[in-house]
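K.L.:
Given only the sequences and the hints, what does the whole structure look like? Please build it.
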Amino acid sequence: MTLTSLITGTPDAVIDPPHGVIGCSWCGLVQRLPEQSGRGVIHCRRCDAGLERTSGRSIDAALACSITMMVLLIPAIVLPLMQVSILGAINQSTVGDGVAGIWSQGWPLMAMVIGAELIAVPILRFGLLTAVLLMLRLGRRAHWLGPAFRITERLDEWATLDVFLIGCVIGYSRVAPFLPVHIGPGGWCVLAAAFMTMITRATLERRAIWRMIGPDASEMDGPSVACGACDHIAPLADEGGHCPRCNAHLWRQRPYATMRAFAFTLAGFIFYPIAYLFPMEVDIEAGNAHAHSIITGIMQLLQAHLWPLALVIFIASVGIPLFKLFGISWLILSSYQHSTSRLRLKGKLYRIIVGAGRWSHIDVYTVAVFLPLMRLPGLLSVQVADGMPAFLGVVVLTMMAARVLDPRHIWIAAHEGHK
Numbered sequence: 007m008t009l010t011s012l013i014t015g016t017p018d019a020v021i022d023p024p025h026g027v028i029g030c031s032w033c034g035l036v037q038r039l040p041e042q043s044g045r046g047v048i049h050c051r052r053c054d055a056g057l058e059r060t061s062g063r064s065i066d067a068a069l070a071c072s073i074t075m076m077v078l079l080i081p082a083i084v085l086p087l088m089q090v091s092i093l094g095a096i097n098q099s100t101v102g103d104g105v106a107g108i109w110s111q112g113w114p115l116m117a118m119v120i121g122a123e124l125i126a127v128p129i130l131r132f133g134l135l136t137a138v139l140l141m142l143r144l145g146r147r148a149h150w151l152g153p154a155f156r157i158t159e160r161l162d163e164w165a166t167l168d169v170f171l172i173g174c175v176i177g178y179s180r181v182a183p184f185l186p187v188h189i190g191p192g193g194w195c196v197l198a199a200a201f202m203t204m205i206t207r208a209t210l211e212r213r214a215i216w217r218m219i220g221p222d223a224s225e226m227d228g229p230s231v232a233c234g235a236c237d238h239i240a241p242l243a244d245e246g247g248h249c250p251r252c253n254a255h256l257w258r259q260r261p262y263a264t265m266r267a268f269a270f271t272l273a274g275f276i277f278y279p280i281a282y283l284f285p286m287e288v289d290i291e292a293g294n295a296h297a298h299s300i301i302t303g304i305m306q307l308l309q310a311h312l313w314p315l316a317l318v319i320f321i322a323s324v325g326i327p328l329f330k331l332f333g334i335s336w337l338i339l340s341s342y343q344h345s346t347s348r349l350r351l352k353g354k355l356y357r358i359i360v361g362a363g364r365w366s367h368i369d370v371y372t373v374a375v376f377l378p379l380m381r382l383p384g385l386l387s388v389q390v391a392d393g394m395p396a397f398l399g400v401v402v403l404t405m406m407a408a409r410v411l412d413p414r415h416i417w418i419a420a421h422e423g424h425k
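Counting from 7, one number per residue, gives the positions in the sequence shown under our numbering.
Simulated from the structure, these hints should not be mistaken for laboratory data.
None of these values were measured; they are calculated from a predicted model.
Simulated pairs of lysine to any residue, SDA-like, Cα-Cα distance not exceeding 25 Å: (1) K354 / L339; (2) K354 / R212; (3) K354 / S335.
P.N.:
Set out below in structure tokens:
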């Protein structure tokens, strides 16, 4: 297969026998899916992205998991996560306490971001997902199903209760050596919700759901444009309009996507040194202040012989943000240079960046859990320092950079440079 056929998707890139015609949202290649026989994953022939899993997925299981999540979310949010006793005073930590504590210390924007990721987004995501799956299970095909399911997919990476669980574990490990700490009912609900979040992802097959909402095209008649949200294809003349299945804008490549990704990435580079040079928090004990940065936090875990947690923090809080910044920068530079080399590697790199971004929240969530526990007026308190909002800025900016960057542009730019 020639480079041109790989990039442009000429007839030798069409997969037979025909089942449905879709456009890969990762590279834009319009192709036929094979008949779903056997077990495994159907991969895009051009970029090797997984298009559909042919086994292990069930709408009934996904619906059951989503309903269970809705049952668990409210107690996970409002009930105590942990409880400690300090000189006879009982302190409890809830999700709301952490958000309110950050707000009261003069960081309202950071509190709103954390509150959205831990409260509003999970409720909206699983509420919409439950409604969509229930309607499909009942055989209903309402016009709002496509836009609603598209929103649930976009919200998935921002619904971070599974990441929050790791923050709770690290917060527990910081308190347990010094104070008696008890896991509250909210903590057990967070544990169950995090597990159900992962099970929901494992049982939900997005391609099958999209096919139930609206069938894939059966033929490729002339030039076409692929929807970047649901993989539906439409005539090229419809570019700039709305997808008939999910109502997203139809673009061969999103306008100004690379420029926007560059702006977010540049902002991330600006915040990065601040996040590591300044402390994340300041612990005040009997008038003595002790500043803690990400690096000192890792060292404390190592000194407590908790090297697995130290490794998790190092990878999530130091390695992943830097990897994302340089990875996105390479993809942007390759697009501008119309590079034709290592296209599949770049596609895989982009998918890793999108999947790994959310896990960098761990340090921020650890402070949000820890802050309400360590509070005794006049004797003990935890203050959010300048490094924490800067670090959250790096995490959010890199996630936004990855999402606004259109991966299809890598292949289109390579094709233009090859001409």
